[in-house]
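Colleague: Sequence:
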Amino acid sequence: MLEARSIVKRYGVVTALAGVDLTIGPGEIVALAGENGSGKSTLAKVVAGAIDADEGGLELDGAPCAFTRPRDAIDAGIVLVAQEPTAAPRLSIAENVMLMRLPSAGRRFDRRAVVRAARPYLEEVGVDRDPSAPLETLGPGDRALVEVARALAASPRLLILDEATSRLGEADVERVFAVVRRLRDTGTSTILITHRLREICDLADRAVVLRDGRVVGGLGRAELDEHPLATMMVGRELSELYGKRSIVVGRPLLRLEEVVAEGAVEPVTLDVHEGEVVAIAGLVGSGRTELLETVAGVRRARGGAVSVSGRPVRAGSPRDAIEAGIALVPEDRHRQGLVLDASVRTNVAMGQWRSLSGPGRRRETAAAAEAVERLRIKTAGLDAPV
291 MLEARSIVKR
301 YGVVTALAGV
311 DLTIGPGEIV
321 ALAGENGSGK
331 STLAKVVAGA
341 IDADEGGLEL
351 DGAPCAFTRP
361 RDAIDAGIVL
371 VAQEPTAAPR
381 LSIAENVMLM
391 RLPSAGRRFD
401 RRAVVRAARP
411 YLEEVGVDRD
421 PSAPLETLGP
431 GDRALVEVAR
441 ALAASPRLLI
451 LDEATSRLGE
461 ADVERVFAVV
471 RRLRDTGTST
481 ILITHRLREI
491 CDLADRAVVL
501 RDGRVVGGLG
511 RAELDEHPLA
521 TMMVGRELSE
531 LYGKRSIVVG
541 RPLLRLEEVV
551 AEGAVEPVTL
561 DVHEGEVVAI
571 AGLVGSGRTE
581 LLETVAGVRR
591 ARGGAVSVSG
601 RPVRAGSPRD
611 AIEAGIALVP
621 EDRHRQGLVL
631 DASVRTNVAM
641 GQWRSLSGPG
651 RRRETAAAAE
661 AVERLRIKTA
671 GLDAPV
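Per the working numbering, the sequence shown starts with residue 291, numbered consecutively.
Hint data in this document are derived by calculation from the structure and do not stem from the laboratory.
For each residue, glycine too, the CB sits at the ideal point set by N, CA and C.
You may find that some hints are simply not true.
[As the list claims (entries may be wrong)] Per label pair, the in silico range of CB-to-CB distance: (1) E663 to V506: 22 to 30 Å; (2) R601 to V538: 45 to 53 Å; (3) G575 to V538: 31 to 39 Å; (4) E663 to V619: 37 to 45 Å; (5) L630 to R504: 37 to 45 Å.
Full structure from sequences and hints, please.
Modeller: This is the structure in structure tokens:
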């Protein structure tokens, strides 16, 4: 169905793809696996016409093809659900679903017809909301499902899911996977990109593993298992990287006393000790995000108190939470966790500006460089935009 040959893509001095070959058969579900920065999303964007390859080419049904924009790929039946949200928040849910099929300028726009057309796709992915409501009224999980519904409305021959399940709970993930399996039965192919290795093992017919912009191997359906897949991704046994160690749980550090988060019914009392990892579990909409945002000062609690090492943290104050040592990685990374137009340096140092104050940017640069090295962030430089 689709063949990518010797794809090369460079961003300045960084080579994101170094001669990648990929073949997708009709009705096949192929997972792209690899660590952050391995080239998975870049390859998906090349296939979907979102970016141009510097070298190499694509063939569709045995004939060479060149996509100069996403619309060309969509017209050919290749539809990408991108890692970065691409929805229009102020348009209605239905308009977002039918965005690729809305009437062109000069033609009559029938909102009721758009709602009717969008409804079956929303039902298929499990979004039970008024289609005429603005998209911005939905949470991140439902927005992600709307993007999947929009891809379905485009009648894809090849569906590319780039981390489309990262904001979804288990029930919603299984609903999306049921859709993918149904599409496979009708001959539609899927490229799956996810960091959840269990999802790859559950759904994919085979996995192609990328590392540093190169294909380093693959696993067929019978071989798919989390451990060999992870080992191939990192290039060595995981035991060498993450050896077991004993943790001694220390004194109480964080305390929540009868905290009532926004939208919650029952108060939460919780102690977290030094060195302890505590998981907050629940379905989408259960209040996990609201509770953590309350702890981090993003939301003001409706009741109760938060303290760190016995010292109260002022409700609704992110600054107080940061100064108390609380850091939040938000659910919606792109809208809430990063300033996408700003540099790597600025984004890394943003939460430390008070402690980094001083002449010039030397301390800011040093802090950013340390984070890039420690977290193995792949970037063309500290001044490159995120």
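Colleague: Could you run down the list of hints and mark each one as holding or not?
Modeller: Structure-based check of all given hints:
1. For the hinted restraint 22 to 30 Å between E663 and V506, the CB-CB distance of approximately 23 Å keeps it satisfied.
2. In this structure, R601 and V538 break the distance hint of 45 to 53 Å, their C-beta atoms being roughly 23 Å apart.
3. Against the hinted window of 31 to 39 Å, the Cβ-Cβ separation of G575 and V538 comes to about 36 Å, which satisfies the hint.
4. Taking 37 to 45 Å as the suggested C-beta distance range, the pair E663 and V619 does not conform, at roughly 20 Å.
5. Taken as a hint, the range 37 to 45 Å is violated for the pair L630 and R504, whose Cβ atoms sit roughly 27 Å apart.
Violation of the numbered hints given earlier is confined to hints 2, 4 and 5; the remaining hints are satisfied by the structure.
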